[in-house]
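Produce the entire structure from the sequences given, and follow the hints as far as they go.
Protein chains in written order, with UniProt numbering: chain A, 1 to 323; chain B, 1 to 323; chain C, 1 to 323; chain D, 1 to 323.
Calculated directly from the structure, the hints in this document are not laboratory data.
Keep in mind that the hints are not guaranteed to be accurate.
Note that identical chains are pooled: a pair holds if it fits in a single copy or bridges any two copies.
For lysine-lysine, the following BS3-like pairs were computed, each having C-alpha atoms within a straight-line distance of at most 25 Å [as the list claims (entries may be wrong)]: (1) Lys302 x Lys238; (2) Lys2 x Lys90; (3) Lys55 x Lys79; (4) Lys211 x Lys74; (5) Lys3 x Lys91.
Number of protein chains: 4
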Amino acid sequence: MKKIGVFTSGGDAPGMNAAIRAVVRTCFYNNIEPYGIYEGYKGLIAGEIYLLTSKDVGNVIQRGGTFLKSARCKEFHTKKGRQQAYDNIKKHELDGIVAIGGDGTFTGANIFNREFNIPFVGLPGTIDNDLFGTDYTIGYDTALNTVIEAVDKIRDTANSHNRLFLVEVMGRDAGFIALRSGIAVGAEAILIPETQTYINELVAKLESGTKNHKNSMIVIVAEGDDAGGAYEIAEQVKQKCPNYDARVTVLGHIQRGGSPSALDRVLASRLGNAAVDALLANKTNLMIGVVNNQISYTPFSKAIKHHQKLNTDLLDLAEILSY
Amino acid sequence: MKKIGVFTSGGDAPGMNAAIRAVVRTCFYNNIEPYGIYEGYKGLIAGEIYLLTSKDVGNVIQRGGTFLKSARCKEFHTKKGRQQAYDNIKKHELDGIVAIGGDGTFTGANIFNREFNIPFVGLPGTIDNDLFGTDYTIGYDTALNTVIEAVDKIRDTANSHNRLFLVEVMGRDAGFIALRSGIAVGAEAILIPETQTYINELVAKLESGTKNHKNSMIVIVAEGDDAGGAYEIAEQVKQKCPNYDARVTVLGHIQRGGSPSALDRVLASRLGNAAVDALLANKTNLMIGVVNNQISYTPFSKAIKHHQKLNTDLLDLAEILSY
Amino acid sequence: MKKIGVFTSGGDAPGMNAAIRAVVRTCFYNNIEPYGIYEGYKGLIAGEIYLLTSKDVGNVIQRGGTFLKSARCKEFHTKKGRQQAYDNIKKHELDGIVAIGGDGTFTGANIFNREFNIPFVGLPGTIDNDLFGTDYTIGYDTALNTVIEAVDKIRDTANSHNRLFLVEVMGRDAGFIALRSGIAVGAEAILIPETQTYINELVAKLESGTKNHKNSMIVIVAEGDDAGGAYEIAEQVKQKCPNYDARVTVLGHIQRGGSPSALDRVLASRLGNAAVDALLANKTNLMIGVVNNQISYTPFSKAIKHHQKLNTDLLDLAEILSY
Amino acid sequence: MKKIGVFTSGGDAPGMNAAIRAVVRTCFYNNIEPYGIYEGYKGLIAGEIYLLTSKDVGNVIQRGGTFLKSARCKEFHTKKGRQQAYDNIKKHELDGIVAIGGDGTFTGANIFNREFNIPFVGLPGTIDNDLFGTDYTIGYDTALNTVIEAVDKIRDTANSHNRLFLVEVMGRDAGFIALRSGIAVGAEAILIPETQTYINELVAKLESGTKNHKNSMIVIVAEGDDAGGAYEIAEQVKQKCPNYDARVTVLGHIQRGGSPSALDRVLASRLGNAAVDALLANKTNLMIGVVNNQISYTPFSKAIKHHQKLNTDLLDLAEILSY
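As structure tokens, then:
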């Protein structure tokens, strides 16, 4: 291995810069030249590939987003696009590639690898934590902390007015952010796609909270909940309890940004380092994660087929603690 | 003066607790008994009035919200309600009252004062900064800092994807939050109720930004802008430029909460102290603010009639700096 | 079990309130009366034991410190003191006790348990993460985040002046905080008690950094490093390189405070819940931790005899990434 | 005016980047070429002078420190050094220069201006707020917020242990940071260079606090207090009250860094803009500040002769509120 390329793809996540930095520094350590590929697969096709220096990764570990940028790329779905990507890889003599992203990123890598046999390793970079093969994805812990800081602020105003707030957090298909942040803010209820939401049950819980003279109530709603987003659910609650002063806040894109947390920086550093080690050891076509504090390897084919399962103990815990 | 009551009313604002604390501590200093009235005018009518101790205001200066709580109160709009409020004031022998809130709070105080001649002073407690007679309202600086922290996070993700973001901030009638936060985040455009919004102009500005290879663009929209909220404006922009990847985030109620900033804590402390001093000096039926770093007094009648004017220099500045 | 007592002891740690809350709420769920014991063993001896209500644990999950307070207690080292503690437990009819703290706390509990056979369970509450039997202690993750936020600020000024900074973090006997925070801030060197510090080696590393035109250099020093604290080490460096503009910052007690991180809140919630469950299941005289994401139980005798071992992979990682 | 140079000098302060950005953007607006001079006077002498582009100031408004860096420069104290600086200014055809810094920066500019008649304007960039001719210096508000966040954390642990903490903040010659942050954290006492510190008085205040069952006590000490730094004062307190559990924290360099606050970003933007306007209007050899919300101009000779006076009302306020 003399040259390794690295890119970020899909939605950005805090800690991606830390992962890129770890890839680059580990390359230097092993006398490998690291190349940055801009905007993911798009840059691979367009040939936006540049040698990275020590300076490029100085002072980036604490920055949110990704300095290599990210973009969607329809052309990579075509054979022609992938051929161009291959040509660029050959032109720049890249011996292996580290792809930081999510499901879609690995699906692309898997197809590409089958067609052109370029050594790829993937790192789980997404705030959603829904990837199979790792306990934590890069960005998840930061997103959780962003959510709880925001909800702590909302709790201030909820308390001052004895109000009910429905706070919508990210999670189109999975309730990871909602569940852990819900426990962490002491939410009165947590609504997630993985479990069926019954409005009657929710209302009963809220009524019981009102009876217990709770100052305020917070319901965390994953955007992909089966009963709808926070606005829809607020409507349904109001229909049953017209006199509720229910407010809605959709946290939105602030969840993707911000300086990465300690956990995410250490995780990203470990994974970026392990990615280069894996390429050097000929472990390829797989995603690298952390399971039980150990580096673990999951073939792309398996990583994209399965989904991380929600810890159902935490669901029970949320129930008990809101009691 | 032997007994002074204090309450918070209207929307809560960070620093209200610091103001209550300053009222209470200044009372102690002057051998006056401070009484907390819960939930604003509602508590005045319901008789929710309790002697406050040193412990009640220990460790609250850094807390968002208001521990005396706040609520809307329709009964105070009726003569009967106000009579009850008066009876409670007499019953508790309150010699003066400090009301912390906004326009509506002072309007109520003004009517009540005319009818029952109870000495009232008002403190400007609102994140909107739209009150006449003070350079800063309690909570405004904290709200600004909350907004810029949120937009800094959004900038991370906007940069990573070269995206346009429309961020809606509070300000139904006034652009104070939008204007200053817009300058502070380096927004490409700031849309406020005080100036007419032309979508063509906005689009031209964005196109010019695109030509200058700006990584990302942020437009700050006051919720009460004449062209609509952020969602409506995003729609109008997309109609003219269908290929824009424009995203919307509505910051919502996080702007009301959070630990108050240094400026808000000092401001609230000064005003709470000045409120008791004013009552002792027989200065009543007025709002106390800070103008040019000096304590200033504005009769309620004047405070509720006029509005704070936007600094138009800042509008020009925003224009120049987004150049 | 009808009544359970809970206390915090030793140095306070962010998340202790979340743990107390979880104990209390889980008690309610199981129809058990929870009693708060103030200031740890001191309150047990003094009889400062009070029934806790839902309100006592409302709105505390986000607060640093411990509302049950903590204190050192020499009397508990005497048989007479422990007898008094026992009498109070009997007087209040406590059927079991949850002790949140560190090594010293568990040592006391272990002796007491042997003497009086009162069911105790311990929860690991310390920012130092040095307890055997758990991957994370309550407060560790928050402390890490506090450190990295502080060092990020120091990096700003270090970069502006091309300076070397030695930052001392907590860790009298262990380098857990130093090691992870050092990786997370991209420190040029990390000095910990577990490994021998050679000043010559450190100087060589710094010189090589200077040659690589690094803008600034950060060295993280655990307070208990074998070569001394940050001030001593700075002196030794300056003796070898008199022209270095080396600055020292000792982060100190800010590391103990602050709103707990998402991880600490969830961890504390899980452990508080598990503590009551353990008492109900007659699992006692042990510390409850989390190992590989699973609740784990370690007898006090073992917990206090062993120490958590530092992950040496992280040491190597730190070395490689500062390359 | 066709070309304007800008540099930062002296200790760095949050908001310096925002000021540079405003200078650069205002130059563009006026068709002027902005040149960045690196490391202050040092770069002026060494000829480290480069044309700045829009990209250089993109995404810097939120960054602490100064991307133009800062350094001490002894050569500028010599005639020879200043001659070299002049030659470089002529070589790069700079028509005017914006110097961002403090007292020392303006003293240098004043001498240089007298000798070589180069148009200079100064902007007040220092966290200390001790400059005559402006209500706020760039960086002061951010430093205050950094201090209060740190002390809020310390208050957590102080409360948990009923402890006394002495917290040392920056201010070698002036108590601005100590006074306002002291009020903002509700300090029990504030010790500053401007007023004489009597240890007996301090001890009396602390004893009275202890009698009033205060949970914890915080004393803010400006580093340049006449009675010594926080460690010295702690010693003196302990000599009089040997049984006090007094702890010391020196906040140190974290006070210089961090993302600038909203106030500092707006202030820096206004001042950077006004600096270019002043040069264009031939107003030179002066410092630009903000007094009573209006841009104000103070000749260097006056700015360096006088010192900003402490608001003594705030001293009284601190006294009353700690009552």
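| field | Status of Lys90 relative to Lys2 across identical chains (alpha carbons, at most 25 Å) | value | Within. Shortest intra-copy distance 13 Å satisfies the 25 Å Cα cut-off; inter-copy 48 Å does not.
| With identical chains treated as interchangeable, where does the CA-CA distance between Lys302 and Lys238 reach 25 Å or less: within a copy, between copies, both, or neither? | Classified as neither; 44 Å inside a copy, 39 Å across copies.
| field | Copy assignment of Lys211 with Lys74, given that the CA separation must stay at most 25 Å | value | Between copies, since 24 Å is at most 25 Å while 54 Å is not.
| query | Can you tell me if Lys3 and Lys91 fall within 25 Å by alpha carbon in one copy, between copies, both or neither? | reply | within (12 Å within a copy, 43 Å between copies)
| message | Reference check for the pair Lys55 and Lys79, CA-CA at most 25 Å: within, between, both, or neither? | response | neither (36 Å within a copy, 36 Å between copies)
Of the numbered hints stated above, those contradicted by the structure are hints 1, 3, listed in ascending order.
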